[in-house]
Amino acid sequence: MKDNSCQCLEWPYPLLYDKVQEVTTDVLILGGGIAGCWAAIAAAKKGVRVALVEKGATIRSGAGGSGCDHWESAATNPCSRVTPEELTKAMIKAHHGYNNGISHYIECREGYDRLLDLERFGGKIRDTADEFQGAEFRDEKTKFLFAYDYENKFTLRVWGTTFKPSLAKECRRLGVKIFDRIMTTSLLSEGGKQGAKIVGATGVNGRTGEFINFQAKATVLCMSRPTRIWLFSPGLPGMSEFRPPQCTGDGHAMGWNAGVEFAMMEKSVKGEWSGVRSFPPYGTGNTHNTWYACNMVDADGREIPWVDRDGRILMDISQRYRPSPGQKLFFKGGGEPDIPTYEFQGPDILPVKELLAKGFKLPFYADLTGMPEQERKAIWGLMVGEEGKTKIPILKTYTDAGFDPEKHLIQSYGEGWRSGGFLPQERQLFGLPGGLVNDWDLSTNLKGLYAAGDQLFASNCHGHAAATGHYAGRHAADYAKEAAFSKIDSSQAEKERIRVYSLLKGAGRLGWQELNMRITRLMQHYCGEIKSEELLTTGLVLLKDIQNNEAPQISAQNPHELVRSLEVLNVLTNAEIVLNACLARKASSKPLHFRRTDYPEMEPPEWNKFVTIKLEKNEVATGKKPLDYYGSLKGNYESHNVDYLEEHRS
Amino acid sequence: MKGKKIFIHPETAALKPLTFNTEICDGCNMCVEVCQVDLLVPHPNKGKPPVVVYPGECWYGGCCVAICPKPGAIKLNTPLMNRVHWKEKT
Numbered sequence: 001m002k003d004n005s006c007q008c009l010e011w012p013y014p015l016l017y018d019k020v021q022e023v024t025t026d027v028l029i030l031g032g033g034i035a036g037c038w039a040a041i042a043a044a045k046k047g048v049r050v051a052l053v054e055k056g057a058t059i060r061s062g063a064g065g066s067g068c069d070h071w072e073s074a075a076t077n078p079c080s081r082v083t084p085e086e087l088t089k090a091m092i093k094a095h096h097g098y099n100n101g102i103s104h105y106i107e108c109r110e111g112y113d114r115l116l117d118l119e120r121f122g123g124k125i126r127d128t129a130d131e132f133q134g135a136e137f138r139d140e141k142t143k144f145l146f147a148y149d150y151e152n153k154f155t156l157r158v159w160g161t162t163f164k165p166s167l168a169k170e171c172r173r174l175g176v177k178i179f180d181r182i183m184t185t186s187l188l189s190e191g192g193k194q195g196a197k198i199v200g201a202t203g204v205n206g207r208t209g210e211f212i213n214f215q216a217k218a219t220v221l222c223m224s225r226p227t228r229i230w231l232f233s234p235g236l237p238g239m240s241e242f243r244p245p246q247c248t249g250d251g252h253a254m255g256w257n258a259g260v261e262f263a264m265m266e267k268s269v270k271g272e273w274s275g276v277r278s279f280p281p282y283g284t285g286n287t288h289n290t291w292y293a294c295n296m297v298d299a300d301g302r303e304i305p306w307v308d309r310d311g312r313i314l315m316d317i318s319q320r321y322r323p324s325p326g327q328k329l330f331f332k333g334g335g336e337p338d339i340p341t342y343e344f345q346g347p348d349i350l351p352v353k354e355l356l357a358k359g360f361k362l363p364f365y366a367d368l369t370g371m372p373e374q375e376r377k378a379i380w381g382l383m384v385g386e387e388g389k390t391k392i393p394i395l396k397t398y399t400d401a402g403f404d405p406e407k408h409l410i411q412s413y414g415e416g417w418r419s420g421g422f423l424p425q426e427r428q429l430f431g432l433p434g435g436l437v438n439d440w441d442l443s444t445n446l447k448g449l450y451a452a453g454d455q456l457f458a459s460n461c462h463g464h465a466a467a468t469g470h471y472a473g474r475h476a477a478d479y480a481k482e483a484a485f486s487k488i489d490s491s492q493a494e495k496e497r498i499r500v501y502s503l504l505k506g507a508g509r510l511g512w513q514e515l516n517m518r519i520t521r522l523m524q525h526y527c528g529e530i531k532s533e534e535l536l537t538t539g540l541v542l543l544k545d546i547q548n549n550e551a552p553q554i555s556a557q558n559p560h561e562l563v564r565s566l567e568v569l570n571v572l573t574n575a576e577i578v579l580n581a582c583l584a585r586k587a588s589s590k591p592l593h594f595r596r597t598d599y600p601e602m603e604p605p606e607w608n609k610f611v612t613i614k615l616e617k618n619e620v621a622t623g624k625k626p627l628d629y630y631g632s633l634k635g636n637y638e639s640h641n642v643d644y645l646e647e648h649r650s
Numbered sequence: 001m002k003g004k005k006i007f008i009h010p011e012t013a014a015l016k017p018l019t020f021n022t023e024i025c026d027g028c029n030m031c032v033e034v035c036q037v038d039l040l041v042p043h044p045n046k047g048k049p050p051v052v053v054y055p056g057e058c059w060y061g062g063c064c065v066a067i068c069p070k071p072g073a074i075k076l077n078t079p080l081m082n083r084v085h086w087k088e089k090t
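Order-wise, the sequence lines are chains A and B. The opening residue of the first sequence carries number 1 in the numbering used here; numbering runs sequentially from there. The opening residue of the second sequence carries number 1 in the numbering used here; numbering runs sequentially from there.
Just chain A, with the same shape it has in the complex (with noise of 0.2 Å):
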């Protein structure tokens, strides 16, 4: 092997700065992971014109594109026992009222007709290979394969790595016009007006810094969430959070510049996960998610009791993927890991801490080993290995290493499915987040103006960025045949570009990292574990400070660092939220992980809701909105949906 260094070299791509493309699309998708191409599939199917705008490369971008190693609430397969209500329901119930009734509704409502749709793009979601003939978790007929509650069968074992490719196949081959390396700066609202109907947006090119404003009738948020808010390592960007180091929440920094609602922003919870502080992420011994419900054994070899959720021993492996007797359905972790809730708390292995009281050594190591073979196959080799960031992370650098998991047994580093220890004010937005505020359209409060994905508040994984990116695609379809273009505010254009470019023109003094780097400290102390008025608006004047004196400052050598530094200028716009909305709930929540010491009363009634926040003429303005706003689940939805459910009963 030789090294292949390079001393210096020219700029290879064209240098546009100079050039302003205008492109005209009838339904405008921002971001291309896993919910934008399937926003713009479904939008294409309805015959209208689309375009992608991606920062990244569509065949593998975004959180999901690198792989998925399970399905969750396909409520609809036919081999399922619970029905998309007793699932959302259940879901809701298990995050305490804090959770997305719409979005989840159409989760479990859709997401099976998109595994069906995947496979029809080339994509792997069956064993149609009969490797795990005869498995406990396979049902023969169909050849699909179950994770975790093997009674229910919810959730599906796919073969993820083949998704990502398989979509952006399908995008090029529907005339989705794909506009790929380009990062979404602003949305275009109409007249420049905050709070109005949305236009279009303005993109810049991260190879060449070329300018685009596109024109849309109807536009489809679909970022990430927010990242680097408090966690970030100036030497090793790429490894800051769990999610790819340009999935930094461009969707919810321009959508607040642009007058759109917010819920749930004040959740925030301690670090999961960090490339710099844990390890990779599925690539340590534990029982949970890609690794449920693998055996653990204590430093002695003594093997660590499974339990059920009244503490029962479980003596076989099988009972590991049941309910308890009397229970309905059980989700692993309970729900909220941290808070379980018992009506859906699954089996586990005793906290660590009872185990320790019990006489068990540490470090703990799971024994894949001890597994029946089906399920040691299961988890070591095709959730491992289909999981993104596994394939060859994890299963192709630990075999070439001489891991043998018919032999090895693997170390576990941390409780849970975690394998670091986070500082209580090293916080994530993690486990259903803060997002925008979505009606039973994935509408947005701006007309024009939709949202999918991680783009929602309370959102989680694959399914649930795929099954709203398809809904929200196709309702923005429908908005977009009916409605006329608007024309674009030229001077709203024109200067989102000065502001572009004037990061070319900084003095040279600051770098991104140093810019991202000083908000992470600011939010660790003054919106970390413990918060109160004091705090929270104290960091907000000095985050204003560095609003009006530092980020001017940030400077960029050419179109790759003048993406990053966008990129920060968002982050630092998303902290500016999440002070807002933390300082808007003056009460303490555990279900938000939020404690306010100068309103410490948990749960106090009068605040069990959403509190909503917005931009108006650029004041901050509070709203709320009860808990259930979604009303009826099944008949909202079959009255937004008629096309579609007289298109699947065909």
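Just to be clear, a hint being listed does not mean it is correct.
To be verified - In the DSBU-like style, the derived pairs of lysine-lysine whose C-alpha atoms are separated by at most 30 Å in a straight line are:
id : chain 1 : residue 1 : chain 2 : residue 2
1  : B       : K5        : A       : K396
2  : A       : K505      : A       : K141
3  : A       : K617      : A       : K544
4  : A       : K19       : B       : K75
5  : B       : K4        : A       : K19
6  : A       : K377      : B       : K75
7  : B       : K87       : A       : K353
8  : A       : K19       : B       : K5
9  : A       : K396      : B       : K4
10 : A       : K505      : B       : K4
None of these hints come from the bench; they were simulated from the model.
Given the structure of chain A, go ahead and fit chain B onto it with the hints provided.
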């Protein structure tokens, strides 16, 4: 700014996420095109392995290795701090 030439210096990062085998890699640049973080650029000399310009931005997703048509041309180097311990069951 039209016509202006700019130059880049590959960053020195705390970690080296990728190693290219110059004997196997033919510089097809498929890895450059699949990387969602865009940390690679094509080598100025056609046929040579791409240059890792922004190694610190690597997410360690491995999509570059997965798409590579020449097995062994790229190696994803697990950061030393992230090497996991395993042992034989006795």
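*Between B:K5 and A:K396, is the straight-line Cα distance small enough, at 30 Å or below?*
Status violated; Cα separation ~41 Å.
_Pair hint outcome, A:K19 versus B:K75 [Cα-Cα no greater than 30 Å]_ = violated (38 Å)
_Straight-line alpha-carbon gap A:K505 to A:K141, limit 30 Å_ = violated (64 Å)
*Mind checking the alpha carbons of A:K396 and B:K4 for me, to see if they're no more than 30 Å apart?*
Given pair A:K396, B:K4 is violated - Cα atoms ~44 Å apart, limit 30 Å.
*30 Å limit on alpha-carbon distance, applied to hinted pair B:K4 and A:K19*: It holds: about 14 Å lies between the C-alpha atoms, which stays within 30 Å.
*Given the hint that A:K377 pairs with B:K75, test it: the Cα-Cα distance must not exceed 30 Å.*
With Cα atoms ~25 Å apart, A:K377 and B:K75 stay inside 30 Å; holds.
*Mind checking the alpha carbons of A:K505 and B:K4 for me, to see if they're no more than 30 Å apart?*
Status holds; Cα separation ~14 Å.
*Compare the distance between the alpha carbons of A:K617 and A:K544 with 30 Å, and conclude whether the hinted pair is satisfied.*
With Cα atoms ~17 Å apart, A:K617 and A:K544 stay inside 30 Å; holds.
*For the pair we were handed, A:K19 and B:K5, check the Cα-Cα distance against 30 Å.*
Holds, at roughly 16 Å.
*Quick one, are B:K87 and A:K353 close enough, alpha carbons at most 30 Å?*
It holds: about 24 Å lies between the C-alpha atoms, which stays within 30 Å.
Hint compliance for this structure: hints 1, 2, 4, 9 are not met, and every other hint is.
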